[in-house]
Structures are given as C-alpha cells and as structure tokens.
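Undergrad: So the chains spell out like this:
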Amino acid sequence: MNKFSLIGKNMRRVDTTSKATGEAIFSADLILPRMLVGKVLRSPYPHARIRNIDTSRAEKLPGVKAIVTAKDTCGDKWGVFRYTQDQQFLPTDKVRYVGEEVAAVAAIDEDTALEALELIDVEYEMLPAVFSIEESLAPNAPLIHDAYPNNINIHVKIDVGDVEKGFQESFYVREDTFSAPEDSYFQGEPYAVVAHFDHSGNLEIWMPNAGPHLKAKPLSNVLKIPLNKVRVRKIRIGGAFGGRSEISPADTICALLARKSQRPVKIVYTREENSVCTRQAHSMKVKIKTGVDKEGRVISRDITCHMDGGAYSSTGPIAVSVPFLCMEQAYRMDNVRYNGYRIFTNKPIRGMFRTHGRAFACGVDLQLDMIGEHLGINPLEMRLRNARQKGDYTPTKSYVASCGMTETIQKTGEMSKWNEKWGKLPPYHGIGIGCNSVQTGFPMGIRGGSQAFIKFNEEGGITVISGVVDNGQGNDHMLIQIAAEELGLSPNDVQLINADTEVTPSDPGSYSMCETFIGGNAVRLAAQDARKKLFKYAAAALKVDCSVLDAKDRKIFVKDNPNQNISMSKVVRMALSRGEAISGEGSYWPKVDPRREWVENPSGQLSETFSFGTVIVEVEVDPETGQVKVIEAWASQDVGYALMPVVIEGQFEGGLAMGGQGGMLTEFHIWNDGRVLNPTQLEYKVPLAIDMPKINNIIVETIDPSGPYGAKEAGMSIAMSAAQAYCGAICNAIGVYMNDFPLTPDKILKAIEEKKGR
Amino acid sequence: MEKTKRIVKLTVNKEIHEIAINVNRTLLEVLRENLSLTGTKESCGQGACGSCTVLLDGLPVRSCLLLAIEAEGRDITTIEGLSKGEQLHPVQDAFIEHHAIQCGFCSPGMILTATAFLDRNPKPTEDEIRHALSGNICRCTGYAKIIKAVKALADSRR
Numbered sequence: 001m002n003k004f005s006l007i008g009k010n011m012r013r014v015d016t017t018s019k020a021t022g023e024a025i026f027s028a029d030l031i032l033p034r035m036l037v038g039k040v041l042r043s044p045y046p047h048a049r050i051r052n053i054d055t056s057r058a059e060k061l062p063g064v065k066a067i068v069t070a071k072d073t074c075g076d077k078w079g080v081f082r083y084t085q086d087q088q089f090l091p092t093d094k095v096r097y098v099g100e101e102v103a104a105v106a107a108i109d110e111d112t113a114l115e116a117l118e119l120i121d122v123e124y125e126m127l128p129a130v131f132s133i134e135e136s137l138a139p140n141a142p143l144i145h146d147a148y149p150n151n152i153n154i155h156v157k158i159d160v161g162d163v164e165k166g167f168q169e170s171f172y173v174r175e176d177t178f179s180a181p182e183d184s185y186f187q188g189e190p191y192a193v194v195a196h197f198d199h200s201g202n203l204e205i206w207m208p209n210a211g212p213h214l215k216a217k218p219l220s221n222v223l224k225i226p227l228n229k230v231r232v233r234k235i236r237i238g239g240a241f242g243g244r245s246e247i248s249p250a251d252t253i254c255a256l257l258a259r260k261s262q263r264p265v266k267i268v269y270t271r272e273e274n275s276v277c278t279r280q281a282h283s284m285k286v287k288i289k290t291g292v293d294k295e296g297r298v299i300s301r302d303i304t305c306h307m308d309g310g311a312y313s314s315t316g317p318i319a320v321s322v323p324f325l326c327m328e329q330a331y332r333m334d335n336v337r338y339n340g341y342r343i344f345t346n347k348p349i350r351g352m353f354r355t356h357g358r359a360f361a362c363g364v365d366l367q368l369d370m371i372g373e374h375l376g377i378n379p380l381e382m383r384l385r386n387a388r389q390k391g392d393y394t395p396t397k398s399y400v401a402s403c404g405m406t407e408t409i410q411k412t413g414e415m416s417k418w419n420e421k422w423g424k425l426p427p428y429h430g431i432g433i434g435c436n437s438v439q440t441g442f443p444m445g446i447r448g449g450s451q452a453f454i455k456f457n458e459e460g461g462i463t464v465i466s467g468v469v470d471n472g473q474g475n476d477h478m479l480i481q482i483a484a485e486e487l488g489l490s491p492n493d494v495q496l497i498n499a500d501t502e503v504t505p506s507d508p509g510s511y512s513m514c515e516t517f518i519g520g521n522a523v524r525l526a527a528q529d530a531r532k533k534l535f536k537y538a539a540a541a542l543k544v545d546c547s548v549l550d551a552k553d554r555k556i557f558v559k560d561n562p563n564q565n566i567s568m569s570k571v572v573r574m575a576l577s578r579g580e581a582i583s584g585e586g587s588y589w590p591k592v593d594p595r596r597e598w599v600e601n602p603s604g605q606l607s608e609t610f611s612f613g614t615v616i617v618e619v620e621v622d623p624e625t626g627q628v629k630v631i632e633a634w635a636s637q638d639v640g641y642a643l644m645p646v647v648i649e650g651q652f653e654g655g656l657a658m659g660g661q662g663g664m665l666t667e668f669h670i671w672n673d674g675r676v677l678n679p680t681q682l683e684y685k686v687p688l689a690i691d692m693p694k695i696n697n698i699i700v701e702t703i704d705p706s707g708p709y710g711a712k713e714a715g716m717s718i719a720m721s722a723a724q725a726y727c728g729a730i731c732n733a734i735g736v737y738m739n740d741f742p743l744t745p746d747k748i749l750k751a752i753e754e755k756k757g758r
Numbered sequence: 001m002e003k004t005k006r007i008v009k010l011t012v013n014k015e016i017h018e019i020a021i022n023v024n025r026t027l028l029e030v031l032r033e034n035l036s037l038t039g040t041k042e043s044c045g046q047g048a049c050g051s052c053t054v055l056l057d058g059l060p061v062r063s064c065l066l067l068a069i070e071a072e073g074r075d076i077t078t079i080e081g082l083s084k085g086e087q088l089h090p091v092q093d094a095f096i097e098h099h100a101i102q103c104g105f106c107s108p109g110m111i112l113t114a115t116a117f118l119d120r121n122p123k124p125t126e127d128e129i130r131h132a133l134s135g136n137i138c139r140c141t142g143y144a145k146i147i148k149a150v151k152a153l154a155d156s157r158r
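If you read the protein sequences in the order shown, they are chains D and U.
At position 665 of the first sequence (counting the first as 1) the number is 665 in the numbering used here, and the numbers step up by one without a gap.
At position 26 of the second sequence (counting the first as 1) the number is 26 in the numbering used here, and the numbers step up by one without a gap.
Note that these hints are calculated values from the structure, not bench results.
Be aware that a few hints might be false.
[What the hints assert, rightly or not] Below, simulated PhoX-like cross-link-like pairs (lysine-lysine); rule was C-alpha separation at most 25 Å, straight line:
{"#": "1", "chain 1": "D", "residue 1": "165", "chain 2": "D", "residue 2": "60"}
{"#": "2", "chain 1": "D", "residue 1": "694", "chain 2": "U", "residue 2": "123"}
{"#": "3", "chain 1": "D", "residue 1": "559", "chain 2": "D", "residue 2": "570"}
{"#": "4", "chain 1": "U", "residue 1": "123", "chain 2": "D", "residue 2": "9"}
{"#": "5", "chain 1": "U", "residue 1": "151", "chain 2": "D", "residue 2": "629"}
{"#": "6", "chain 1": "D", "residue 1": "77", "chain 2": "D", "residue 2": "60"}
{"#": "7", "chain 1": "D", "residue 1": "694", "chain 2": "U", "residue 2": "5"}
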C-alpha cells in the first residue's frame with residue numbers, strides 16, 4: 001500500500017499546460033528590445049588552414065552591427081577535461097570539419113546577416129583530410145591535432161582478472177566484429193541562443209541545455225569574465241538526449257556578438273546546422289571475444305572498440321567508456337579487458353547519446369544469442385545466467401546496491417510469452433531480447449552534487465530553488481512532487497525556480513541520468529529541513545513532541561489523532577512573529593569514488609546506483625522487401641521506485657522509439673567526403689506514429705537504499721536494450737546474425753539472399 | 001527588398017491584422033515575427049516534421065511551406081487561438097491529462113493536427129489516428145501517449 005500522498009501517483013505535470021497552449025517559451029521564441037539576428041559563417045572544407053579572414057566588405061553593409069572572428073576571442077582552447085582542451089570556438093589556425101564556425105555576424109535582420117556572411121572573404125589552404133577510422137589510423141595520415149599522435153584522441157584501457165586464463169578455461173570461445181555508422185539526436189527544437197550583455201558586463205544567456213551550470217563555467221572561462229556575471233537563464237528546452245550537455249560554439253559566438261554590439265543577439269540554428277554543427281553520435285567498430293562455460297556463463301571477455309569521434313574531443317573519455325560500463329553493469333563477468341579508442345576524423349563532433357554505442361551494445365547481446373545457439377541455450381536463459389545481481393561489484397569496482405535485472409528479464413519473458421514463442425514462430429517471424437544498465441551520475445568533482453533551498457510564505461505556500469534542469473522528461477514536476485510530499489502540500493502550493501545560474505545553487509545537470517537521484521534527493525533533504533523547523537513550532541503549539549507529528553493537506557497533525565492539528569500558515573506566522581522565517585536547505589553528494597577517472601583510473605565507485613532494463617520485441621520481416629514490421633514490444637526497467645508511473649512509461653516508450661525503432665531500423669547518416677548528405681528529417685528517417693508497435697511497459701521496483709523514496713532513474717536502460725532486442729528479433733526472424741547496424745531493408749534482403757545461396 | 005513589400009490582411013484566431021510584409025515571407029515567419037505568435041514552432045523548415053502546423057479554414061497546413069500572402073482571406077488558427085480564455089480545448093486537455101507532452105516542442109502542431117482530424121473523423125480507430133498524426137514528428141514520447149490521448153477523447157464522446 002502506497003503510504004504517500006503524491007509520490008507514486010499519476011497526476012498532471014506542472015509544465016504541460018503552458019506547452020499545450022503555446023505559452024511555453026523556447027529560446028528561439030524570445031524577443032528582446034533592440035535584438036539583432038546572428039548568423040555563423042562555416043567552413044566549406046573538411047580540413048584547411050585559415051590564411052586570412054577579411055571582413056571589411058561585410059562591415060560596410062548597412063544594417064551590420066557586429067562581426068566576430070578568432071581575433072575577438074582570447075584564443076584559448078576549450079575541453080571538457082584538462083587533457084582534452086583542443087577546440088577554439090572560432091579557430092585561429094585551421095578548420096577541421098565541414099561546418100566548423102569561422103566567423104559570425106549580428107545584423108538588424110536575417111537577410112542582412114546572411115548577405116554579410118557572403119561578403120566575408122576567407123582565404124583557405126586546403127589540407128588532406130581523413131573520413132574514417134581506417135584512413136585516420138593509416139601510416140602517414142594527415143594529423144588533425146598536433147597534440148594527438150596517430151589521430152588517437154583517447155585510449156581507455158581496462159584490464160580486470162586474467163582474461164587469457166579465462167579464455168583457456170572456457171568451454172566455448174568466439175570472436176565477432178560489429179559496426180554502425182553515426183546517428184543523430186534530432187531534438188524537436190533546433191539549437192538556439194539569445195545573449196545580452198549589460199553595461200556592467202553581466203551576460204544574460206538562454207539556450208537549450210542539459211545543465212545550466214555546465215554552460216556557465218565554460219562561458220566564464222572562454223569569455224574571461226567572472227562566473228557570477230554569467231547568468232544562464234531558465235527556458236523551456238525541446239529535448240536533449242545527451243546532445244546538449246556541453247558548451248556550444250554558438251553560445252560563445254552569440255555572447256561575443258552581444259558584447260561587441262552591446263545589443264541582444266539571437267542565433268537560431270537551421271535543422272542542418274543542428275545536425276552537423278552541434279553533436280552527433282559516434283560511429284564505431286567493435287571486436288568482441290567472449291568465453292563461456294558449458295552453462296553459458298561468461299568467464300572472460302576481451303573488447304576492442306574504435307569510435308569515430310570527429311574533429312574534436314568533446315566528452316570523448318566518457319563516450320568511449322560508457323558503452324563498456326553499461327555492459328559491465330548489466331552482465332556478470334570476472335575477467336574482462338577493454339581497449340576503447342576514440343579517433344579523430346575530419347567529420348562533425350561526436351558526443352553523448354541516449355543510446356550509447358549501438359554497435360557495442362547490440363554486439364554484446366547478439367553474441368550471447370550466438371553462443372546460446374551453439375550451446376543449445378535460449379537467449380532469455382542466457383541473460384538470466386549472466387544477469388548482474390544485487391550486492392555484486394562490477395569488474396571496475398562499483399558496488400551494486402540494488403538490482404532488478406533478473407526480475408526485468410523474467411517479467412518481460414512472462415508477459416511476452418517468450419517460452420511459447422522462441423523457436424516456434426512462423427517463418428520470417430522473430431523474437432529478440434536485450435538487457436542493459438545505466439548510471440545515475442558520474443564522479444564530477446565539485447559539480448557532482450546538488451543543493452536546494454525552500455522558503456515558505458506566510459500563507460503556507462513554498463518556493464523551491466534548485467539547479468536541476470528539465471529537458472522535457474518531467475524534472476520540474478519531479479522536484480515539486482517531492483517537495484509537496486515532504487511538506488504535506490499540493491503541487492499548486494509550490495513554485496519552482498530552477499536551472500538559472502544566478503539564482504540557483506550548483507547541480508550536475510540532467511545528463512548522466514542523475515537528476516532524480518541527486519537533485520531529487522537534495523530537494524527532499526531541503527524539504528525535510530524546513531519540516532523540522534515547522535514541526536518545532538507546531539509541537540509547541542499542540543503541546544506534543546515533534547516525533548508524533550506529520551503533515552498533510554496543508555496541516556500539521558498528530559499521527560494518532562489527526563483532529564489535533566494546526567494549519568501550515570498558522571505555524572509559519574507563529575515562527576515569523578518570533579523572528580524566524582521558515583526555510584530549508586538540502587544538499588546531496590552521491591557516494592562515488594572521487595579518485596575514479598575515465599582514462600587514468602577507471603576503477604572505483606562510478607555511480608551510487610544503477611538502473612537495469614530488459615526489452616523484448618517480436619517482429620515480422622517481409623522476405624520480398626526486407627521491411628521489418630514490429631508486432632509488439634515489452635519494456636521493463638528497474639527504476640528503483642516509480643515516483644510517477646505514467647511519466648516513466650513515457651520515458652520507456654520514447655526510449656524504445658529512439659533506440660529500437662529508429663536506432664536499429666532506419667537512423668544513420670550518409671556521407672560524401674565529410675559532408676552529411678541527410679541532415680534533415682526529409683532524408684534522415686526518425687520513427688513516425690504509424691511505425692510504432694504496441695508497447696507494454698513493466699515497471700520493476702527494487703527500492704534503492706539511497707534514492708529518493710528508493711527511486712533511481714526513469715528509462716535510459718530501455719533505449720539501449722531496445723536496440724539490442726530489435727537486433728536480436730530481426731536476426732531470429734531471418735535466421736542470420738547480422739553485424740552491421742542499423743538493419744535496413746537492403747542489408748536484410750542481402751542477408752536473406754546469401755542464406756538462400758548457401 | 002522594400003519594393004516587394006505589400007499590405008496583407010490576415011485573419012488569425014478571429015483577429016484581423018493588416019501588416020506590411022515582403023511577399024516572400026512564409027506564414028510561419030509572419031506569425032512568429034510580425035504577430036509574436038511563437039506557439040507555432042519551426043523544427044525542420046521544409047515541411048517534413050509538422051511542428052509549424054496551423055489550421056487554414058480548419059484544415060492543417062505546414063506554415064513553413066505556405067507564403068503568408070496565400071493565407072489572405074482564409075481563417076487561420078494557431079495554437080494560441082485554440083483555447084478560449086482559461087478554457088482549454090478538449091484536445092489540449094486530453095494531451096495534458098494523458099501525458100502526451102514531454103518537451104512540448106512538437107505539441108502545438110500535434111494538437112492542431114489532432115483537432116482538425118477529430119473534427120473530420122470524430123470516431124476514429126487507433127490505426128486511423130496513427131495515420132492522421134504521422135505527419136507530425138515527436139522525438140520524446142514514442143507517440144504512445146499521444147495516440148492514447150486522442151483515442152480517449154474520441155471514445156469519451158461516443
């Protein structure tokens with residue numbers, strides 16, 4: 001029986017009415033007095049030295065108010081890590097991909113700004129370019145960054161146990177290689193920035209972000225202004241999916257234009273710019289060697305992964321590590337070796353993505369299917385035998401405090417009637433399963449924790465102040481729900497001020513799935529702090545001990561005798577009359593190993609807790625066309641505790657659409673010499689309503705010991721395991737294991753033909 | 001440029017606006033920039049995604065593909081014109097109630113498409129709803145709750 005008033009219950013989200021009426025303001029919707037339009041001049045070449053930039057003709061065009069080039073910057077190179085500082089937001093020496101920022105204009109309108117871009121003369125000296133991992137690693141390949149020999153950006157090396165001995169002791173060993181090209185986020189909202197400098201040198205800036213504080217500090221660094229003068233403001237955000245975690249060159253360029261013109265400037269990216277000039281997901285090639293015992297339990301695994309990182313480091317060390325870490329969390333193994341390489345190419349920059357490394361994840365899972373087939377063990381049983389368990393340590397030494405992996409496998413298996421279907425479906429029908437696990441935060445040093453404040457007004461209403469940002473997943477409501485629950489209020493009694501770097505305390509951001517676990521915990525602690533103060537006054541008024549009190553419906557009452565109560569507003573007024581304002585403060589720093597580092601020391605507690613998910617899908621393949629019809633899907637995740645089940649279902653469904661339906665069937669970029677040929681939704685096929693199967697959601701709750709009310713995270717494990725399930729089901733339907741993703745009709749037809757020819 | 005400006009008379013959400021615009025301006029640009037009706041969103045700018053959908057005489061059109069001058073004399077409804085004061089349109093209400101909205105960027109276009117569809121087909125099957133909404137791309141929801149919202153509203157009217 002749910003003992004809470006609001007937690008665990010479905011209700012209307014606080015943010016969706018404004019989104020349904022057009023009232024919600026996104027960055028491109030902002031209109032400020034005297035605002036100018038900013039446009040960016042981009043490199044037409046994949047690799048070229050910049051000999052000269054002449055802006056004199058553009059400057060003379062009436063209506064042009066500011067032009068910026070590298071000369072207007074401090075020239076510093078920026079990077080997420082000290083050892084990855086390689087990107088100037090307006091480069092001084094050379095450009096490294098088609099679409100890289102070279103100069104920018106602020107003008108009175110868009111037509112003038114675009115005309116001015118044409119009047120900027122850039123003298124380039126073309127350099128040889130490389131467009132694939134192989135070309136980049138070839139001897140005598142052109143060097144993209146002088147500081148990175150052989151174009152190797154990052155090498156993550158993990159070696160646990162004795163891998164070779166493990167293979168010797170294995171009953172069966174096999175090695176396979178899997179690959180996939182780049183895919184993209186296609187957030188609904190194209191990137192947009194509005195920046196304004198006042199005459200005191202304060203920067204006010206709005207942009208889609210997955211952590212306002214993650215934007216503010218780099219902006220302060222590259223603009224050389226104090227952090228307290230950078231005010232990243234709250235704005236509605238049209239999706240992130242990992243693609244809006246870092247500072248964007250557009251942020252800096254917009255700020256530079258605003259400073260130079262002393263007027264507000266708005267830059268709105270076209271869809272093409274959003275696809276090419278923000279971030280993409282890595283293409284990759286991964287070699288997986290796995291040894292198992294007779295029962296199919298993994299004894300040893302050796303993985304070598306090459307990821308095409310594009311022109312700059314971005315979140316490289318994290319991106320190289322996360323696919324491996326998700327796998328080591330999901331499945332047990334004692335001996336494992338990982339060599340992950342991120343390679344520079346003259347292509348757009350790659351970052352984090354909701355489905356980290358489909359080639360990696362699908363490869364590991366598909367290989368389990370192959371091994372199972374060899375041993376006569378069905379894929380579901382293979383997952384059960386290798387599933388991570390509560391109380392385990394992962395190979396890189398993270399303790400697993402709660403884990404419902406087995407339960408998710410069993411429940412999806414039962415609901416999908418796996419045992420009745422596996423091996424018994426008609427020709428070209430298939431069923432597949434995928435399992436995965438994700439983190440709820442990473443070691444992020446001083447940015448790793450979240451702090452929250454709550455203040456009461458004299459009517460008993462509150463304002464919550466938190467750094468947590470909402471990208472659309474419902475974080476705003478989550479914070480309000482938690483605060484209201486703890487203080488016996490309704491969501492209507494709560495105002496939220498969040499994601500504003502001037503007003504709100506630091507927070508790690510919504511990337512790494514940590515907002516509920518870390519930000520939610522901070523708000524809960526702040527509410528408990530305020531409650532303690534309220535109860536002190538209420539106890540005195542009711543002449544009872546604090547410990548017998550509870551709060552509900554804006555009243556504080558004696559648990560055993562609810563008629564003995566006092567209204568919240570009366571308590572707040574009592575406190576005020578005695579010179580105390582009721583407020584609360586809470587902060588939560590997750591228990592992670594601060595010494596853990598992605599490259600130098602990939603060992604120790606990575607995240608305080610992990611989510612675990614399983615997806616099963618059933619498909620039908622048309623052998624004449626290679627088209628895949630997904631009949632039904634079953635998605636299950638251990639979310640810890642479901643704070644709002646309907647919101648979690650929404651995350652499952654969205655994750656399945658992006659990771660499975662899009663990620664495994666249709667989504668990939670097409671290239672010609674470093675140029676993206678399908679940058680818009682016309683050619684890049686994201687799933688439509690007509691494509692989606694019926695999705696059955698199964699929420700598993702393990703009540704994490706540290707999560708707020710036991711909650712962990714709300715659906716990322718589904719996006720990843722969906723890709724794997726789709727992949728397994730299609731291979732099962734056609735009776736061929738395919739190793740190059742996504743599984744498009746041409747590849748499927750070819751596989752069917754080849755099988756017939758055998 | 002100035003030479004091509006023309007005075008156009010647009011009826012938007014039952015209000016008449018007389019504005020001087022370049023004839024090459026799209027309806028989307030004029031709605032957002034001249035009339036500050038920013039509820040209409042641009043996501044692709046080439047008619048692929050449906051985010052900029054408005055109703056023209058009750059039928060959904062992509063405002064990024066339509067010149068503003070072509071909308072003269074027509075009845076234009078944007079998302080701002082769907083609710084009546086504090087009273088939400090039933091489709092808006094159903095989207096909120098059934099959690100059909102996550103980031104909300106596609107919601108105005110999706111809601112207007114669904115509204116026009118239900119006006120024409122008040123008792124649709126799930127398959128018909130899926131077809132009708134397949135010109136509007138949503139990247140967050142996987143469409144499940146959107147379909148559910150439209151179906152629930154249609155069923156409630158039976």
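Undergrad: List in ascending order the numbers of the hints, as given earlier, that are violated by the structure.
TA: Numbers 1, 4, 6, 7, in rising order.
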